[in-house]
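Build the full structure now, drawing on both the sequences and the hints.
Spelled out, the chains give:
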Amino acid sequence: MLRRQLNLWILLTVLTGLFVWLIASTGLWEATLRFLFPQESQVLHPRASLLVLVWEHVKLVILSSSLTVLVGVPLGIWVTRPSGRNFLPIVYYLTSFGQTFPPVAVLALAVPMIGFGVIPTVIALFLYGLLPVVRNTIAGLRAVSQDVLDAAYGMGMSRWQALIRVEMPLAARVILAGIHISVIINIGTAMIGAVIGAGGLGSPIIAGLVQDNLAYIIEGAVPAAMLAVLADRLLANLERLFAYSAEKAR
Amino acid sequence: MIRLVKVSKSYGDTIAVRQLSLVVNQGEVCVLIGPSGCGKTTTLRMVNRLIEPTAGRIFINGKEISRVKPEQLRRSIGYAIQSVGLFPHMTVADNIAVVPELLHWAKSRVAHRIDELLRLVGLDPLEYASKYPNQLSGGEAQRIGVARALAANPPILLMDEPFGAVDPLTREKLQAQFLRIQQELKKTVLLVTHDLDEAIRLADRIAIMASGRLVQHATPEEILSRPTNKFVHDFVGTDRALKRLSRIGVASFIRPTHSVKLSTPMKEVASVCERCHWVWVVDDDGKFTGWLDRTSLPAANSVRQAMVVGDRDEITITKNATLREALSRMLGQGFNSIPVVDEEGRLIGEVSLGDVEAATAKMEP
Ligand SMILES: Nc1ncnc2c1ncn2[C@@H]1O[C@H](COP(=O)(O)OP(=O)(O)OP(=O)(O)O)[C@@H](O)[C@H]1O
Ligand SMILES: [Mg+2]
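Residue numbers (this note's numbering), protein chains in the order written: chain W, 74 to 323; chain V, 210 to 574.
Since the hints were made in silico from the structure, they are not lab data.
Since this is a predicted model, take the numbers as computed values, not measurements.
Beta carbons: idealized from backbone N, C-alpha and C, even for Gly.
Some chain W residues close to chain V (C-beta under 10 Å, calculated; not the full set):
id : residue
1  : V221
2  : D223
3  : Y226
4  : M228
5  : G229
6  : Q234
7  : L243
8  : F315
Shown next, in the form of structure tokens:
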């Protein structure tokens, strides 16, 4: 088991290294895109190098996803405690609303208030990704059986100890699955950041759409897809780390 | 010592426990029994404050428990819950270690304790310590549940149907183990069961409950011989006499018996058989091997040829057995008496049907 896990992490590291090398190889991109689109005068977006664009994108995702986790998980925990149980329906409703509300609309509302740039984008992404995290935190904690909770309290654990030692470890996989979904959504949605000057892989795509330059679009879309695959693997590996019982013993 | 004084618990209109007063003395096993929904679990859980009573007071060693912090109280009371409730993400060892760790025991002491407890409940530490709960059978899980309850060596144990989910054979083994452990550790135990035979076997006193009330609280002998009302009478059933036999050990009913060895010469065998129709046969170490009927003597020229070989496990009993077990062996084998052997299988005497009948007759109606 351990060996298998180690192999998966090694594979992920190799893939990440490969990815970084690939996006840093500007010459390779330029040559390939020129070959595919000989009619275009320019095939790489002039705003910034691909490496910078990817880094901007990753930054948006990391910022917004961290915020989502830091707010979403405690929120999910709180509404499953006796003190917050009454707020469960309203929290559920509000987070669902956050997801039905298109991020572009959030941007439209945020810009007049906060202005352009990274912050409104991060807020929009944060709200948009909140639902899966909150929903899975609630589901994961609720799935912990009453017997197990009875045993925890019966052994003399405090509420806090029961949460940390029993409930969270048991809910971890489901919560991580929620974070997983949220991050993947964010990688795609972070494209819109370009609209209000937050940069990222959305920049070449939007420029490509405006200037009718397919090469630009590919320059943005292909690294974004690769990024999504890498993030997906990373989170799957993390989830596997929290597998317990027989799966772990094997 | 656990003392409940007029304790009641109601959930809205449902009254789970009514005006219950009960004392469990130091080192005593009190078994709570009664029909499903009569309030057994509720009573148990009020003792460790998982449920707060609506009225009444509960004392442990003279101290009112509502004055003790629940977490602190619970760490001094072992609790085996009705549905076992092992933590699925922890190994068997980690499950057992929960309370010692809450009490900040040193690591080496915890490790030592885990080993000790697994042995106590009859599971090999090497094999079981690192298993996860979903790799255990129901009976093994229940044993771990009991070990976990015992972990910090609490003076008081609450056990909710601790042997409920296992087959009769395993249950009997677990009960024997429990009695052995209890003899050694002398805990104050409040145990819930549905099974009257289990109650009779394990209890110093039985508390019979019906719809939230305590109906009778007395020794098993007393409950079987003097049911306080029709409910208890019906509850203990029509085979009360038989059940009472299971409270009586065979030890004082063992009589010396005739036996011959495999190597005994035929002439001697014949003289032994002058006085009786048949004799038990033992090997040269004195271990039970079968029996020999006088009628088969003339045709044979050695004990081995004449005897009937018997399965020691099926026929013999030990001196720890009860009269009920002795009787069931006699009926099963169609014998008028049953051989008693020691731990090594050596014949030490026999118990006769006549003695069992006499014991039954002597019991009060
Ligand atoms: N949380 C609760 N809310 C409402 N009623 C409850 C609650 N807990 C228990 N009861 C009721 O209280 C009564 C006693 O329940 P309890 O669990 O003590 O029964 P029990 O004797 O342990 O039964 P069993 O042998 O089936 O385990 C039952 O009628 C049950 O329906
Ligand atoms: Mg119960």
